[in-house]
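There are 2 protein chains.
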Amino acid sequence: MAKKKKEAPLTGITVSKEDDFSGWYTELITKAELADIRYNIKGFVVYREWATITIKKMYAKYEKCMEDHGHLPLIMPSLIPESNFLLEADHVEGFAPEVFWVTEAGTSGDLPERLALRPTSETALYKMYALWIRSYKDLPYKRYQSCQIWRYEGKMTRPFFRGREFHWIEGHDVFATMEEAEAQVKEDMEMTYQMLQDEFGIPLIFFERPQWDKFSGAQKTFAADVLMGSGKVIQQPSTHLLGQNFSKPFEVKFIDKDGEEKYGYQTCYGPAISRIYGAMIAYLGDDNGLVLPFDLAPVQIIIIPILFKEKEDIVLDKAKEIIERLNSKYTVKIDDSDESPGSKFYYWELRGVPIRIEIGPRDLDKNQVVLVKRNDGAKFFVKDEELEKTIDDIANNYTKEIKEKSLVDFESQIECVTDKNAAIEAINKGKIVCCGFCSIDFDGELCAGEVEKDIGAFVRGTRVDEEKNKFDNCLICGKTAGCTVYIAKSY
Amino acid sequence: MAKKKKEAPLTGITVSKEDDFSGWYTELITKAELADIRYNIKGFVVYREWATITIKKMYAKYEKCMEDHGHLPLIMPSLIPESNFLLEADHVEGFAPEVFWVTEAGTSGDLPERLALRPTSETALYKMYALWIRSYKDLPYKRYQSCQIWRYEGKMTRPFFRGREFHWIEGHDVFATMEEAEAQVKEDMEMTYQMLQDEFGIPLIFFERPQWDKFSGAQKTFAADVLMGSGKVIQQPSTHLLGQNFSKPFEVKFIDKDGEEKYGYQTCYGPAISRIYGAMIAYLGDDNGLVLPFDLAPVQIIIIPILFKEKEDIVLDKAKEIIERLNSKYTVKIDDSDESPGSKFYYWELRGVPIRIEIGPRDLDKNQVVLVKRNDGAKFFVKDEELEKTIDDIANNYTKEIKEKSLVDFESQIECVTDKNAAIEAINKGKIVCCGFCSIDFDGELCAGEVEKDIGAFVRGTRVDEEKNKFDNCLICGKTAGCTVYIAKSY
Numbered sequence: 001m002a003k004k005k006k007e008a009p010l011t012g013i014t015v016s017k018e019d020d021f022s023g024w025y026t027e028l029i030t031k032a033e034l035a036d037i038r039y040n041i042k043g044f045v046v047y048r049e050w051a052t053i054t055i056k057k058m059y060a061k062y063e064k065c066m067e068d069h070g071h072l073p074l075i076m077p078s079l080i081p082e083s084n085f086l087l088e089a090d091h092v093e094g095f096a097p098e099v100f101w102v103t104e105a106g107t108s109g110d111l112p113e114r115l116a117l118r119p120t121s122e123t124a125l126y127k128m129y130a131l132w133i134r135s136y137k138d139l140p141y142k143r144y145q146s147c148q149i150w151r152y153e154g155k156m157t158r159p160f161f162r163g164r165e166f167h168w169i170e171g172h173d174v175f176a177t178m179e180e181a182e183a184q185v186k187e188d189m190e191m192t193y194q195m196l197q198d199e200f201g202i203p204l205i206f207f208e209r210p211q212w213d214k215f216s217g218a219q220k221t222f223a224a225d226v227l228m229g230s231g232k233v234i235q236q237p238s239t240h241l242l243g244q245n246f247s248k249p250f251e252v253k254f255i256d257k258d259g260e261e262k263y264g265y266q267t268c269y270g271p272a273i274s275r276i277y278g279a280m281i282a283y284l285g286d287d288n289g290l291v292l293p294f295d296l297a298p299v300q301i302i303i304i305p306i307l308f309k310e311k312e313d314i315v316l317d318k319a320k321e322i323i324e325r326l327n328s329k330y331t332v333k334i335d336d337s338d339e340s341p342g343s344k345f346y347y348w349e350l351r352g353v354p355i356r357i358e359i360g361p362r363d364l365d366k367n368q369v370v371l372v373k374r375n376d377g378a379k380f381f382v383k384d385e386e387l388e389k390t391i392d393d394i395a396n397n398y399t400k401e402i403k404e405k406s407l408v409d410f411e412s413q414i415e416c417v418t419d420k421n422a423a424i425e426a427i428n429k430g431k432i433v434c435c436g437f438c439s440i441d442f443d444g445e446l447c448a449g450e451v452e453k454d455i456g457a458f459v460r461g462t463r464v465d466e467e468k469n470k471f472d473n474c475l476i477c478g479k480t481a482g483c484t485v486y487i488a489k490s491y
Numbered sequence: 001m002a003k004k005k006k007e008a009p010l011t012g013i014t015v016s017k018e019d020d021f022s023g024w025y026t027e028l029i030t031k032a033e034l035a036d037i038r039y040n041i042k043g044f045v046v047y048r049e050w051a052t053i054t055i056k057k058m059y060a061k062y063e064k065c066m067e068d069h070g071h072l073p074l075i076m077p078s079l080i081p082e083s084n085f086l087l088e089a090d091h092v093e094g095f096a097p098e099v100f101w102v103t104e105a106g107t108s109g110d111l112p113e114r115l116a117l118r119p120t121s122e123t124a125l126y127k128m129y130a131l132w133i134r135s136y137k138d139l140p141y142k143r144y145q146s147c148q149i150w151r152y153e154g155k156m157t158r159p160f161f162r163g164r165e166f167h168w169i170e171g172h173d174v175f176a177t178m179e180e181a182e183a184q185v186k187e188d189m190e191m192t193y194q195m196l197q198d199e200f201g202i203p204l205i206f207f208e209r210p211q212w213d214k215f216s217g218a219q220k221t222f223a224a225d226v227l228m229g230s231g232k233v234i235q236q237p238s239t240h241l242l243g244q245n246f247s248k249p250f251e252v253k254f255i256d257k258d259g260e261e262k263y264g265y266q267t268c269y270g271p272a273i274s275r276i277y278g279a280m281i282a283y284l285g286d287d288n289g290l291v292l293p294f295d296l297a298p299v300q301i302i303i304i305p306i307l308f309k310e311k312e313d314i315v316l317d318k319a320k321e322i323i324e325r326l327n328s329k330y331t332v333k334i335d336d337s338d339e340s341p342g343s344k345f346y347y348w349e350l351r352g353v354p355i356r357i358e359i360g361p362r363d364l365d366k367n368q369v370v371l372v373k374r375n376d377g378a379k380f381f382v383k384d385e386e387l388e389k390t391i392d393d394i395a396n397n398y399t400k401e402i403k404e405k406s407l408v409d410f411e412s413q414i415e416c417v418t419d420k421n422a423a424i425e426a427i428n429k430g431k432i433v434c435c436g437f438c439s440i441d442f443d444g445e446l447c448a449g450e451v452e453k454d455i456g457a458f459v460r461g462t463r464v465d466e467e468k469n470k471f472d473n474c475l476i477c478g479k480t481a482g483c484t485v486y487i488a489k490s491y
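Protein chains in written order, with the numbering used here: chain A, 1 to 491; chain B, 1 to 491.
Treat the hints as calculated values from the structure; they're not laboratory data.
Incorrect hints may have been included.
Claimed, not checked - Computed from the model, here is a short list of chain B residues facing chain A with C-beta under 8 Å: (1) 56; (2) 59; (3) 79; (4) 98; (5) 127; (6) 430.
The beta-carbon is built from N, C-alpha and C at its ideal position, and this holds for glycine as well.
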């Protein structure tokens, strides 16, 4: 994926993504000014302007998708009373190690109980659902909120990927039947493909997570893994079949058509926009910096005037004319700073601007401009009268091109194995391992422990888009394989 | 402003806004399902769907306005270390009584110091500004973030108006000179007029706040007051001239053109979107419920089919055809529930949908529909072929009409007085008092205390759009009046 590094300019990245993913990522977010890790609380970072603009665009697309699928927005308080947490036993046990607690207020404010900074909102929201939902006519009840959440992560944090505060959308739905809840889980997965693959250019696989790795309080968890270049995966949106695990303690009930009072069947879904952003820039980026889907770039077209003393005015006038022609449709900027053209090229490449327009006096003489595409470096000499059409063509195809390129890389990262040594070798080569496994129910947990210890990787679960088990035996215990699982290192 | 109440339907408001503003407001937010006050932490409420949709639209407009005026977005952590707070003495003193503190994390997590839930972000952000700003070339430095803030309010909370968590935009700007900072304060006020008056239909007056009532850490505070129907005011966006009060302790410095290192001059600006929403619905609403600016209505056009058994299909078909014709431009819904037409009228009036379309079989025979406008109840019979044009006309003028109506009410609420008894009488009648005052510098604080004690109202400051003092003596101490101030009750 990575090209060999050219002579590095001062503003560019000095580490190859292929050789040292972590070093590359850190340089990317620092030099492209995406996040600042110097904020003085551990695990909390500042999202800088260039990242924030893209993250806001991602939110807008994802919220529209949620609404197109029947979800209405609401805004919940970000604090949750400790007593709410205690209502669902698995949930409190799972989240207890991760909660930040507010215990003091003002100079003399005694709080009647500890208040959690929400690590997720089930225990806040479902108390309200119990008040709002009355009848089968209120169902399906589909809501979402866009907000941040806080988790006191023990693992190493990394900007956007994993932090102690991150930004997500959470969808919380209630249905009259288990079948409808199961259908919602499928819809959540479809929305994930639609957003992450089609809009953000990130390939993924959905897994049903093993029982020991599900969301605290869920019956089943389905989670998307994005395969990073280095063979590691990172968990992305997950959707959870809650069944009646929460509706019973929280009393989310409705009067059904038959006049009976029944507990609702619930699902929840949590695409973490800031983490998706992290996966996106990590997946699509290259040794020159960011590569961004066209719609998500803070600046879509950068104009670099090639200035010579005597022709400065006419070049700048032409640049301004081009802005006028394009800026009703695109975000266009001109870089008329004092830097050299070469430095400007690197600067805007680093920031992933999809199209660069160069204009110099000789181009003007020829009635042309030079266009360069960020994703593949392709260069075009475009006649002035064809500029709009050429830009439209590039804009329409740019994200598609990124996506196709990433899909090619995708399947090549998986390796099927039937013995442990081959698995270890594959993992060490940076592959995802596919193998037989006894069970993703709790009786497979021991074997999963061995995978972690001996292979240094994790059982991600069974692949949702794979119908049949293709192996005879469990890779670890040798018993008849109940399923095919995937094993990978994860961020 | 309020009409005498009609026979109240079950879904409608039973209290007149004029007679009992508080009761009216509580019914409005409850019956129109805007907020739920039953969340189990004092001072924290849930923003329900109908309010959230409008608040999101308000955010989108305000963010665009901030960006059009040169501000870039960023996202700060919501926790601030206590040590940051201690850097600016007035600031910590002012905010100490209002801060929620995080003191525990996880099951064993000892935090090295207390972390504040941000009550405002100066002390988080300016530490970063010290790292980011280097040279005069970086200035002006204009940034904003959209976020929520937490304040442990002692005063009575009221949904949207005042809560312990609210949602705002905060702008933080740095300049090379005091003159530029002062110009920014003016620009902030212009943005406020542009948004609140022009877009949201809420009339306001900008005051320079007395020194004893300024933002903790500011040199000067300019705050907008919205005059509510009942003669009370509510503070809305305020902009603060910080000068170098923060840049010195936080070391926000730059190398100027002359090679000297200098401290920046700062301003900050805080339009609280959720509070503006509260003021908007309170100001524009009437005894039938919400009145909303056209762009901000979650549903802009509601179609009510008048159904009779034998003609049900053709009426519903017509309704669907109309949706098809309008929904590329407008948010259109049909209410085909089992409720009676009368109940539906009240329901959607309560929610402030700007245009109601009624279609019955007799209208179909006449090739017409009935349109009713929410803001003034005006009713039109519109020929089918003129529907689009009529809707466009209403849409284009609706917010303007609301605004003109509110501006007429505005000046009539102010009464000029020259003695204390007249002031008391005017305040009791629900007026805003205009009078002479010794000073809004600290030497006027004693007189202000008397205003509070004897008149039961507050000195809001000097009016920014008023050039000269128009009184001879201070209303309270009788000394030569240094300025003209306004006195009002406030929410």
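Interface restraint verdict for residue 59 (chain B) against chain A (beta-carbon cut-off 8 Å): Since chain A brings no Cβ nearer than about 10 Å to residue 59 (chain B), farther than 8 Å, the hint is violated.
May I ask you to test the interface hint for residue 430 (chain B) with respect to chain A, counting a Cβ-Cβ separation under 8 Å as satisfied? At about 33 Å, which exceeds the 8 Å cut-off, the nearest Cβ of chain A leaves the hint on residue 430 (chain B) violated.
Hint check: 8 Å Cβ-Cβ cutoff, residue 127 (chain B) to chain A: This interface hint holds because 7 Å falls under the 8 Å limit.
Per-residue hint verdict: residue 98 (chain B), partner chain A, C-beta under 8 Å: At 6 Å from the nearest chain A Cβ, residue 98 (chain B) passes the 8 Å test, so the hint holds.
Just to be careful: measuring from the Cβ of residue 79 (chain B) to every Cβ in chain A, is the smallest value less than 8 Å? holds (6 Å)
Close enough to count: is the Cβ of residue 56 (chain B) nearer than 8 Å to one in chain A? holds (6 Å)
In terms of the numbered hints stated before, the structure departs from hints 2 and 6, listed from lowest to highest.
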